[in-house]
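Please arrange chain C on chain F, whose structure you already have, making use of the hints.
The residues making up each chain are set out below.
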Amino acid sequence: MAAVCTVYTTQSLNSSCSISTPTKSHLGFNQKQVVFYSTGKRSSKRSGGSLITCSAGDSQTVVIGLAADSGCGKSTFMRRLTSVFGGAAEPPKGGNPDSNTLISDMTTVICLDDYHSLDRNGRKEKGVTALDPRANDFDLMYEQVKAIKSGVAVEKPIYNHVTGLLDPPELIKPPKILVIEGLHPMFDERVRDLLDFSIYLDISNEVKFAWKIQRDMAERGHSLESIKASIEARKPDFDAYIDPQKQYADAVIEVLPTQLIPDDNEGKAQPSHGFHAEGSSLALTLASNSPTALTVTSAMRLDELIYVESHLSNLSTKFYGEVTQQMLKHADFPGSNNGTGLFQTIVGLKIRDLYEQIIASKAATPLEATKA
Amino acid sequence: MATLSSLNLVTPRAVASVPDSTKAGPVKVSCLNQPWKRVSQLGSRRMQVLRPVRAAPDRISEKVEKSIKEAEEACSGDPASSECVAAWDEVEELSAAASHARDRQKANSDPLENYCKENPETDECRTYDN
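So the protein lines, in turn, are chains F and C.
According to this note's numbering, the stretch in the first sequence is residues 1 to 372, in order.
According to this note's numbering, the stretch in the second sequence is residues 1 to 130, in order.
In short, the hints are calculated from the structure, not lab data.
Be careful, since some hints might not be right.
[What the hints assert, rightly or not] For each label pair, taking beta carbons as the anchor points, the in silico distance ranges come out as: (1) C:Asp110 with F:Gln325: 19 to 29 Å; (2) F:Lys93 with C:Leu112: 12 to 22 Å; (3) F:Pro236 with C:Leu112: 42 to 52 Å.
Even for Gly, the Cβ is constructed at its ideal location relative to N, Cα and C.
This is chain F alone, in the form it adopts within the complex (with noise of 0.2 Å):
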């Protein structure tokens, strides 16, 4: 009980975040020729593979995974996401009023959830969680997604959370980005193939904790033990089938808790001398391989964001304050002033500059082949 306490008191939590690179650090937050050079790698592998998939050619799709356990800030994410392509994501319109499918100019956002192959019903005859791989259907997943990315239009099924039933399915059109998120977008070799680019959104149990007291408290049901009972029933499915997906993404987005200050239990701003130095050091570690990027430790106030942005480079920026901008758009959104919401942001930078990079590079393929 003691234990229930302390984190409850954590409410004010504030969060240390790091941008991890793992396995591929070369990929997307480095210079600018090092991601062109992997992108490069991994259009080669593609093609090497058996035909030169010269599919719709430039109207190819770009798929882009995200990873992360229910509740753990997809959604939020995918908002600042496709804020930075521009234009708001809606719903389709016209279409089933519970669709999960987000719709922009650039992007369209489908939720893997859509992929269940056993619904609410099924799941409870069946004993198994929508962790489970069993309650996934892959092969579909992984039909559709390659239609997709090679400009064909797909009726992808719904997956009701409201009933918990599978609806008609939907029409989804070849966007020029893709995002699927959800529980598994690495989990099946086949589909974590087509991703041009991965995150996983790893929140540690702590702070999994304090955003479900945060989210759930003033539901009518719910108490501590109830949240603290409903993480601790998903952990065992959590650990086997969501958390491996780590080591396959480009990008892990880590949330840890941390006590700034010990003895500062209101939770004050934290002095901004202190931020800046933060600051300094970001920039020092974005420019160099190490494969920790990028760490905050720190409640962030936006309105000092703009002097932790200028000490920041290689943020794939298009004009000074960008990311300010970004932030102080959606300031209203979870995680704005403990760092997610700035890491979210630049990620989404990144994914802007890495689709950039990617059409760029199609562009000089046709001149390249016609040379040789």
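Chain C only, in chain F's frame:
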């Protein structure tokens, strides 16, 4: 005939229950006899047509509450049983859905914003650069 077709729009079910409405003869449309009902019918109908209704957060909240009770029951025997784990997973799924529904409600709380999303070309939604 023009009046008839506009009535068809308002009460499609009433018309559908008439065996053959194209034949001349008395058309039994309920709202002709009860014109005072028409206004309210039109009103409620129109709300539905304009905006497909997502599940209200209240409805999901009830489900969350129910699922927690069920999970506690399922776990009373063996807390490590697969029924227990699946039941808590359902709680998580519904809690997340309830939270998303609340967020959406917050985001859609401005009636003018909502109207302009669907009707950006109308006068009241026009924006000017200068």
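Going down the list of hints, with the structure as the test:
1. C:Asp110 with F:Gln325: 19 to 29 Å: At roughly 22 Å between Cβ atoms, Gln325 (chain F) and Asp110 (chain C) fall inside 19 to 29 Å, so the hint holds.
2. F:Lys93 with C:Leu112: 12 to 22 Å: Given about 19 Å between the Cβ atoms, the range holds.
3. F:Pro236 with C:Leu112: 42 to 52 Å: 49 Å, holds
When each numbered hint is compared with the structure, no violation occurs for any of them.
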